[in-house]
Structure formats: structure tokens, C-alpha cells
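Colleague: Chain residues, written in single-letter form:
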Amino acid sequence: MRDRLGHRTVGAVLAAGLVLAGAACTSSGDDASAGGKTRITVNCEPPKSAAIDRRSFEEDIAIFEKQNPDIDIVAKDAFPCSDPKTFDAKLAGGQMEDVFYVYFTDVASVIKRKQAADISKYVDEVAGYGDIQQSVLDIFTDDGKTYGLPRTNYSMGLIYNRELFTKAGLDPAKPPATWQEVRAAAKKIAALGNGTVGYADFSASNQGGWHFTAEMYSQGGTVVSEDGKKATVDTPQGRAVLQTLKDMRWTDNSMGSKQLLQITDLQQLMGAGKLGMYLAAPDNLPEIVKKYQGSYEKLAIAPMPGGLDPASRATLLGGDGYMFNRKATPKQIEAGVKWVEFQNLAPGTGANNWERAARNKAPVGLPQPNLWTGATADADNKLKAQYANVPVENYRLFQETEVPGKLEPPQAQQIYSVMDGVMSAVLTNRNANIDDLLSDASAKIDRLLANQR
Amino acid sequence: MAAPTLTPPAPRLASVSRGGRRPRRRLKDNVTAYAFLAGGLLCFGLFSWYPAGRALVLAFQQSNSVDSATWVGLDNFRLLFDDPEFGAAWRNTFAFTGLALVIGFAVPFALAVLLNELRHAKAFFRLAVYLPVMIPPVVTALLWKWFYDPGPGLFNEVLRFLHLPTSEWTNSTRTALVSLVLVATWANMGGTVLIYLAALQAIPGELYEAAELDGASIWQRIRHVTIPQTRFVMLMLLLLQIVATMQVFTEPFVMTGGGPEDATITVLYLIYKYAFVYLDYGSACALSAMLLAFLGVFSALYLWVTREAT
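Each protein sequence line maps, in turn, to chains A and B.
Using my numbering, the final residue of the first sequence is 453, and nothing's skipped along the way.
Using my numbering, the final residue of the second sequence is 310, and nothing's skipped along the way.
This list has only true hints and no planted wrong ones.
Pulled from the structure, derived: some chain B residues nowhere near chain A, Cβ distances all over 12 Å:
hint: 1; residue: 34
hint: 2; residue: 94
hint: 3; residue: 103
hint: 4; residue: 117
hint: 5; residue: 125
hint: 6; residue: 165
hint: 7; residue: 185
hint: 8; residue: 188
hint: 9; residue: 203
hint: 10; residue: 217
hint: 11; residue: 223
Pair ranges (Cβ atoms, derived):
hint: 12; chain 1: B; residue 1: 50; chain 2: A; residue 2: 36; range: 36 to 42 Å
hint: 13; chain 1: B; residue 1: 98; chain 2: A; residue 2: 431; range: 22 to 28 Å
hint: 14; chain 1: A; residue 1: 439; chain 2: B; residue 2: 117; range: 55 to 61 Å
hint: 15; chain 1: A; residue 1: 451; chain 2: B; residue 2: 294; range: 22 to 28 Å
hint: 16; chain 1: B; residue 1: 223; chain 2: A; residue 2: 78; range: 57 to 63 Å
hint: 17; chain 1: A; residue 1: 446; chain 2: B; residue 2: 232; range: 51 to 57 Å
Covered by chain A, according to a simulated footprint, are these stretches of chain B (three or more residues, beta-carbon under 8 Å):
hint: 18; region: 144-151
hint: 19; region: 167-173
hint: 20; region: 258-264
hint: 21; region: 272-283
No wet-lab data here; the hints were simulated from the structure.
Glycine included, C-beta positions come from ideal geometry on N, C-alpha and C.
The following block holds chain A by itself, in its conformation from the complex:
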């Protein structure tokens, strides 16, 4: 009896431990197109909960199929559109759509893993392809070949609450342009009391590391060397980033007492009118309004503040796009490219149908996405201006100030994980030693980069 119980318990223990271990394992499969028409599956159809967006999407499919009777679009909805957790499994299991959604940050790894088709010979058919910003096109290009098309782009700026600026005696038309000015403004806003936070930042779940990187770029720095082999965080720019945060947190007490914050915490604070400023891309504005009862009238976005080296100030660039299943047939790829052009890369149609967006009370006039330059940009901006329903004046400075964009570093998530620790140290420990933290983080990142596979 004793032995049986013992074995059973050990067995249960072994099974319990192994269940989690087994969660990540998959196998491979295949898919093909239908006869007669070219059938393509595309993901990122808005979910049923977003009824208006879904209706517009379905409407677009109907229009597109009418214009292209030889193409049959089968849309799949999932939220979020792309989940890195299921990405590999879907590809391996033959469940990945022919046209699949990716974040800019995943593109390089998808290309490296040879998970996407080369679409170089199809892109010339896309009208206005040449007007897409080169920095965006570069993301989908490797070794002279093109592997995808962009959908939206964003860059980070300083979102601020105009009402709190006014209450604190600041001019909302003149947002802070440098980190010194951010610090001064945050101090005044926090002085309003009643739990008002002047400036807030992330320090958990890798988001702290993400924002540290953005702030490094704003100071004219980087987090890894050009060749991607050495950390560059232990620099004057790195110290400037952390010293500013430390001063705001502990000397000025303008960052609130609650830390280990993540993106939804800040959106919630901003929506509730309790936060003066935080770093974010314009795509945060509708989130704050829709989910956290914010108001477009009160919210504005300024360009990324400058720091030590204003001439080399940069901002973190991001966005998303579509890539094509490497198992798709040439006809499916051709059809997919046509669909993405219609849906995302032509002013006046699909997601750029601003007349319909305004009719549906979706925000029109936000400064991004702004994928194009030249004639295509002009055409899109003209339509946007015609149907604008948000206070575009609140974004003018952001839109008109050109700040060069910089992508995330290689091994981004691992580096963010290291820098999360540094951010949380500075924001939770009054006695944090910035020099020690940066030197330690630099050594850790060097090790990560050396182990890169």
C-alpha cells in the first residue's frame, strides 16, 4: 500500500511537471487553393465585437471580389491579429493564412526562418509602391528581395493632457521639446495634487525595456552597436535617460508612487485625466478614448523630446504589415498582393476610405499611419483633411516635425527584459546606482548578443 501510493504520487508529480513542458510542441501540414477562382485566406478580419470595423471589412471584400471576379477571399478573424504565441504553431500546422499579419518587429525573424514567400516580382504592380517611405520598405526587404507589404506605421511621441497643462499654468500649444522641459512640466502637473501624475513610464513585462530604448533613441543613443554585437547602453545617453527618470521620480516626486506599470495602466490613467504625459504612438489615442473614456479634445501628441544630442534625436519606429505564406501558389500570392493594395495601400479604398470611416464615427485625421511620401501622400492627406473628425490641430506639431525613425534592436525582447530590471530599479529604489546598473546591464546584453543563434 505504501509503495503503491508512493509510485502514484511520483507519477502524478512527473505528469504535472510535464504537462507544461509539452505546451510548445507541434508538427507540420499543408494547404492549397481552390479550382476556378483563386482562393486566398487572409487573417486580421476585425472580430464580431468590433461590429462596424467588421462590416467595413466585409464590405471591402465584396467590392474587391466584384472588381476581381477570379479571386475568392476567405477572411479569418482572430484577436489579436497576430499572436507570436501561436504564430509558429499555425505555420507548422498548415493553419497559417495565405496572407498573414505581422508586426514590423517579427518580419526579420520570419524571413530568417524562411517562413514567408518572396514577393519581389509582384510588388511593381502595386500603384504607389514607390511612394512608400523607404524606411518602411526596408523592413520587408532582405538581400534585395521583398517579403511583405506594410499595413500601418507608427512612431513614438509624447502624448499629453491639454487640460492638465492649462490647469498647471503650461501652454498646451507649446509642449515640452526636451527632456528638461518634460521634467519641469511634470513637476508642475504633479503639483496639482489629488493623485495627479506628471509623467509616467513602464517598468514591467519587458515594456520598461521597450521605453528605455525609445528614450535612448530620443537622447541620440542606441542600445546595441551597428553590427549588433555589443551593448551601447552604458553611455552618457543611457545615464541621461535614467538620471532624468530618477530625478522626476525621487527628487520631484512627479511620477507617482505606483510603479511596475504597463501600457494599460497608463492608458487608464490618461483616460481618467490623472496623467500629464507619457511616451506613446498616436495609435494610443483612440484606445484611450474608446476603452478609458478619454476625450480627443483633451488629448494631444507632441514630437519625441530631445536630449543630450538634439541633432541625432530619433524616435522608435513600429508598425505592421502582411506577409505571404511560403506554401502559397504564385497565383495566390498575386491575388494576395492585389488584396493588400486594395485594403491598405491605396488612398480612398479599404482602410483608407476616410469618407466611410467618418460616417462610421471612426477617428479620421490622426497623424499616423503615414506610409507614403510624394503624390500618394498628398492624395491621402487631402482625403483625410476632407473628412477629419478629430482635432487635427492637437497633432500638428507631431506631424510637421520630422524625427528620424529607428527600429527595435536585434534580440529586442531579451534586451528589453534586461532593461526592464534597470527601469524598475530606478523607479522603485531611491538609492539605485545608475552607473552600476548600466554597467551590469551592458555585460548582460553582451552575453545575450554573444549567444545569439
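Fit chain B to the supplied structure of chain A, relying on the hints for placement.
Modeller: This is chain B only, laid out in the frame that chain A set:
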């Protein structure tokens, strides 16, 4: 000459005949049992043992899930040992388990003894103790996140009201882990208390009567009657608690994101990060294998050491 070849030796024939009939008969006798067993075996085999075995293999491979996996020997393990978070994750997991035992083992036992002694409102107090178990773990974590808010959080508000010093709770490397242990204890002790309570109620009343007649105090009764009588349950629960707390994930994932300064990163959280943030399934499986090996060896040792008691 022909006779010996035509007539095989009798004893051998008998032995073969007996040996062949027995398993067949046993199979026939137990066919219903095997049929019932098949469903369970199939489910376990397909959904637990096969993935578990695959995970162990993957611990020695590198795979992008599309091309066939390549063998990398111990590279995944080497990478883990070089990860700055690896040491912190194990240290925190051991510390969490230790603290969870100190708090989470003694408190439920004391509560069970207390509940067992109650004469009135038994059902109400049992429900009150068990209620946190019914709250979804993520909701519990979010609720406590607000309790721990160093600004307007419930705990600091109460401390301020009482003119006591406040705490940084999850915001400080010194108190973050203990804060999470408190959440885990609060959320999980209901089940443990009920099991203790069942064990306590199984103790024959005459043992207490005899002890009382002998003039034993309440402490003596607990020490000489209650504890020895519930020793088996206590030792089993201790093992199960260690196995469960070594796999702590929800609290650090929801409440602290592993911070501040990796003060609450745990082994399971690191497995999650490798698998679903870094998308390095090989290393995730390697770390899972390490955790499994540790828990397996620990459990076997534990059962061997406590074999007399169990």
C-alpha cells in the same frame, strides 16, 4: 526411433500449455477492465505523455516548427545557464516555496484546528475560508494589485489610518516576493484547510477523551493526538504544496511582471518567456526538463525519507 519424435516429453507440453492458457485467461477475465482503462490511457498518452516526451526531446533540439528540428546537444542548457535571469528565477522560486511553506503550511493547519473547534456558524466560516479558492486567480491577482498600491491602495490606506508606517509592497525588491506569497496563501489555503479539516474530523473522539482524562492541556492534545493522527495528510499536503508552489506563475505574471529588478521572476515565468516571448521552444523545454528533474528527484527523496510515516 520414431516414437520419441512423435511424442514430445509430457512435462514440457504441460508447462507450455499452462503458460499459454494463463495470460489468455487473465486477459479474458479482465477484458472489461482493460476496455475501461483504454480510454484513460489513450487520453493520457495523447495529451500528457506524448507531448511530455516530445518536450524532453525538444530540450535537446532547436526548432522553428516548420523545418525539421536540429539536434543541438546541450546548447539549450548552456544558453540557460548563461541567462542572467536564470539564477534569479531559481533563487526566487526556492525563496517563494520556502516562504509559502512557512506561511502557507502553518496557517491552514491552525485555521483547520480552529474551525474544527467551532460550535456555532461552522458552515459560514468554512465558506468564508473556502471563498477565495472560487475567485479566478487572475481576478485575485488584480484585486491584490490594488490592495498593494503604495499610493491609494487598501493596505497603505489602513496603515495610514492607524498611523503606522506604510510599505512599498510589490514595488520594493525587499517586500515584493513576500507580498506575492501572501496572495498565493490567501488564494489557495481554502482547499488545504478543508483537507485538514476532513483529517481532523476522522480522528476518533475517544482519543481526545482519553487525553483529557489524563489531564492533557489543549497544546498537549494537539501535539500528542492531533498532529500524529494527521501526520499522513500533513506530509502529503506538504509534498503537493511544494510541487505546486515551485510552479508559481500567475501572481508574478499579473502583478509584477517579474520585477522589480527580477525580484519576482520565477522558473515557470522564465519558461513562459522563453516559449512565448523569445519563441525559443528548445530552451523553454530544457528549463521545463530541469524543473521536472528537480521535482521528480525531490519527490522521490521525500517519499523515501518519509516512508515510515506514509
